[in-house]
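Novice: Sequence lines, in order, name chains A and B.
Positions 1 to 213 (the working numbering) are the ones given, in order, by the first sequence.
Positions 1 to 333 (the working numbering) are the ones given, in order, by the second sequence.
Don't read these hints as lab results, they were simulated from the structure.
Do not rely on the hints blindly, as some may be mistaken.
Taking lysine-lysine pairs in the DSSO-like style, the calculated list, with each CA pair at most 27 Å apart, reads [what the hints assert, rightly or not]:
1. Lys31/B - Lys125/B
2. Lys296/B - Lys264/B
3. Lys166/A - Lys212/A
4. Lys36/A - Lys53/A
5. Lys132/A - Lys81/B
6. Lys166/B - Lys19/A
7. Lys104/B - Lys181/B
8. Lys244/B - Lys132/A
9. Lys175/A - Lys132/A
10. Lys22/A - Lys14/B
11. Lys92/A - Lys132/A
12. Lys119/B - Lys14/B
13. Lys39/B - Lys125/B
14. Lys81/B - Lys14/B
15. Lys15/A - Lys31/B
16. Lys53/B - Lys125/B
17. Lys19/A - Lys181/B
18. Lys17/A - Lys95/B
19. Lys14/B - Lys166/B
20. Lys119/B - Lys181/B
21. Lys55/A - Lys264/B
22. Lys132/A - Lys166/A
23. Lys119/B - Lys79/B
24. Lys92/A - Lys212/A
25. Lys53/B - Lys132/A
26. Lys104/B - Lys31/B
27. Lys27/A - Lys15/A
28. Lys14/B - Lys17/A
29. Lys119/B - Lys4/B
30. Lys36/A - Lys212/A
Computed from a predicted structure; not experimentally measured.
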Amino acid sequence: MSEKILQEISEQLQKGKAKAVKELVEKAVADGVNVKSILDDGLLSGMGIIGAKFKNNEVFVPEVLVAARAMNMGASVLKPLLAEAGVEASGKVCLGTVKGDLHDIGKNLVKMMMEGKGLEVIDLGTDVPPEKFIESAKENDCQIIAMSALLTTTMAAMQDVIEAAKTAGIRDDVKIMIGGAPVTQAYCEQINADCYTPDAASAAEAAAAFCKA
Amino acid sequence: MTSKERVLARLHGKPVDRIPNFNILMAFAAKYAGHPMDKFCSDYRVLVESNIKSAEAFGIDIMSTMSDAYRETADFGAKIKFPHDSLPVCEHLIKTPGDIKNIKPFKIEDSTRMLDRVKAIELYKRELGDEYPIMGWIEGSAAESCDLMGLTEFIFAYYDEPELLKELMDVCLETAINCIKPQVDAGADIIGVGDAVASVIGPEIYQEFLLPYERKIFAEIKRCGAIGRLHICGNIAPLLEDLKTVGADIIDIDWMVGFAEARKALENHASVCGNFDPVTVVMDGTTQTVADAVNKCIDDGGSKCFIMAGCEIPKNTPRENLLAVHTALVSRG
Numbered sequence: 001m002s003e004k005i006l007q008e009i010s011e012q013l014q015k016g017k018a019k020a021v022k023e024l025v026e027k028a029v030a031d032g033v034n035v036k037s038i039l040d041d042g043l044l045s046g047m048g049i050i051g052a053k054f055k056n057n058e059v060f061v062p063e064v065l066v067a068a069r070a071m072n073m074g075a076s077v078l079k080p081l082l083a084e085a086g087v088e089a090s091g092k093v094c095l096g097t098v099k100g101d102l103h104d105i106g107k108n109l110v111k112m113m114m115e116g117k118g119l120e121v122i123d124l125g126t127d128v129p130p131e132k133f134i135e136s137a138k139e140n141d142c143q144i145i146a147m148s149a150l151l152t153t154t155m156a157a158m159q160d161v162i163e164a165a166k167t168a169g170i171r172d173d174v175k176i177m178i179g180g181a182p183v184t185q186a187y188c189e190q191i192n193a194d195c196y197t198p199d200a201a202s203a204a205e206a207a208a209a210f211c212k213a
Numbered sequence: 001m002t003s004k005e006r007v008l009a010r011l012h013g014k015p016v017d018r019i020p021n022f023n024i025l026m027a028f029a030a031k032y033a034g035h036p037m038d039k040f041c042s043d044y045r046v047l048v049e050s051n052i053k054s055a056e057a058f059g060i061d062i063m064s065t066m067s068d069a070y071r072e073t074a075d076f077g078a079k080i081k082f083p084h085d086s087l088p089v090c091e092h093l094i095k096t097p098g099d100i101k102n103i104k105p106f107k108i109e110d111s112t113r114m115l116d117r118v119k120a121i122e123l124y125k126r127e128l129g130d131e132y133p134i135m136g137w138i139e140g141s142a143a144e145s146c147d148l149m150g151l152t153e154f155i156f157a158y159y160d161e162p163e164l165l166k167e168l169m170d171v172c173l174e175t176a177i178n179c180i181k182p183q184v185d186a187g188a189d190i191i192g193v194g195d196a197v198a199s200v201i202g203p204e205i206y207q208e209f210l211l212p213y214e215r216k217i218f219a220e221i222k223r224c225g226a227i228g229r230l231h232i233c234g235n236i237a238p239l240l241e242d243l244k245t246v247g248a249d250i251i252d253i254d255w256m257v258g259f260a261e262a263r264k265a266l267e268n269h270a271s272v273c274g275n276f277d278p279v280t281v282v283m284d285g286t287t288q289t290v291a292d293a294v295n296k297c298i299d300d301g302g303s304k305c306f307i308m309a310g311c312e313i314p315k316n317t318p319r320e321n322l323l324a325v326h327t328a329l330v331s332r333g
């Protein structure tokens, strides 16, 4: 019985049907299905499938966005119940697009995929100055700072964040992840970031691995 | 040959002394000419001076009026700031789908930033005559809609309020069309169209929602007697079949798309322009990596291709690496 409804949640989520997902999650809760199981085997499972399809170019950004919206609708039902049950996020990430850059789609995708891995993401938005990354990471006790840049002009700001982390004395306490269209593995090594990933799904996998380690 | 003769000949598959160098310079040009980026974006005289100096130094064959994505957005009424030596920062004018009804088309003569672009074209023409092809620029309807409301919001509106979103796309189209002829009249030989969002939405939404708008823009460019150039940042491999019918004369191919694959798909429809990696090959590479990449693109691009990095040359690119593009093109002849 519970397997059937969890499967339905996953399927409706993959179709981006936010209202249906919310209703199914409410029904599952009312039927007494384990809350953590609804999260893991319904919502996160569906998001994982969408993430894998996105990585393989089987679906594109719009499908991911609506799936993530459906996931968030379902998760909003579960959030107070998970808190009551003492279930915590598996890690905290401070995420933003670097100073001077207003592009948010890559960042938003990374956020959704990371949330799909059970991580808590502090979204700092776009045009984020280095000091804001650092303040937020300290305040929220984040294990990861993740930065995005879409422009060759703005990617240089990633190095400023790394320098600011060193100056603030937190460089050894956080993993620094970078991504975005012009960013490469070579650039990651050049600026001494910890991790470059070429797409949102890989970023979420890497972040989850960092938080487990 | 002058740059203009070279570009026109290449476009028609006629012999050239060297293949045109179409690299996109903005922040690099400003830095090279000793100007902060905010002035490059806000003062047509700075943009023109920077691009002429850079073209002469690095063998660029086109005079561009590109600076940032927010010329039309500011002219629609969005608040814009120009931080020192940085790209402009522009607010989203549409904060809820209901705001779409407030967006009205404008004409270039009533604008500020698009009029600055027309002045750049006029100044190029006065300074250079017919030596170089001059390129005006407009944002595609989807790209402009995203600049006005945000990409995530654009996508949600596509699912939730498609008719309202279509109204916005129509306003952006009307404005784009209003902005073509004045640029051609001022002396633009080429009109570039930026529609970056196309590379992230997948082929189905592209066919249904973006392609019809792009076709109308390129039809108007053709009607005005100019050359149409389409620039979509990112991976457009899934769109190549559709791009056959868009009506552009030149289609830019970003570095993540196989240049030979693009040439094959678009042959007999448009010239391909590209497409080495601006960061790995040009900024972080050597003169040899640049030369190798240029030669591969020439081999893959066919007899009508143009050569450039897939997107903008980064500001901190070593000068010798950018010059290596020109050197390689000259040695290939």
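Novice: Would you mind marking each hint as holding or not holding in the structure?
Specialist: Each hint, compared with the structure:
1. Lys31/B - Lys125/B: The given pair, whose Cα atoms are some 23 Å apart, holds under the 27 Å limit.
2. Lys296/B - Lys264/B: Given that 27 Å is the threshold and the Cα spacing comes to 15 Å, the pair holds.
3. Lys166/A - Lys212/A: Distance of about 24 Å is within 27 Å: holds.
4. Lys36/A - Lys53/A: 24 Å, holds
5. Lys132/A - Lys81/B: 20 Å, holds
6. Lys166/B - Lys19/A: The given pair, whose Cα atoms are some 24 Å apart, holds under the 27 Å limit.
7. Lys104/B - Lys181/B: 19 Å, holds
8. Lys244/B - Lys132/A: 46 Å, violated
9. Lys175/A - Lys132/A: 16 Å, holds
10. Lys22/A - Lys14/B: 62 Å, violated
11. Lys92/A - Lys132/A: Within the cut-off at roughly 16 Å; holds.
12. Lys119/B - Lys14/B: 32 Å, violated
13. Lys39/B - Lys125/B: 21 Å, holds
14. Lys81/B - Lys14/B: 45 Å, violated
15. Lys15/A - Lys31/B: 47 Å, violated
16. Lys53/B - Lys125/B: 15 Å, holds
17. Lys19/A - Lys181/B: Violated - the C-alpha atoms of Lys181/B and Lys19/A are around 47 Å apart, more than 27 Å.
18. Lys17/A - Lys95/B: 24 Å, holds
19. Lys14/B - Lys166/B: 41 Å, violated
20. Lys119/B - Lys181/B: 14 Å, holds
21. Lys55/A - Lys264/B: 25 Å, holds
22. Lys132/A - Lys166/A: 14 Å, holds
23. Lys119/B - Lys79/B: Holds. Lys119/B to Lys79/B sits at ~22 Å (cutoff 27 Å).
24. Lys92/A - Lys212/A: 11 Å, holds
25. Lys53/B - Lys132/A: 38 Å, violated
26. Lys104/B - Lys31/B: 36 Å, violated
27. Lys27/A - Lys15/A: 19 Å, holds
28. Lys14/B - Lys17/A: 54 Å, violated
29. Lys119/B - Lys4/B: Between Lys119/B and Lys4/B the Cα gap is close to 20 Å, so the pair holds against 27 Å.
30. Lys36/A - Lys212/A: OK: Lys36/A and Lys212/A at ~18 Å, within 27 Å.
The structure fails to meet hints 8, 10, 12, 14, 15, 17, 19, 25, 26, 28 from the earlier list, while all remaining hints are met.
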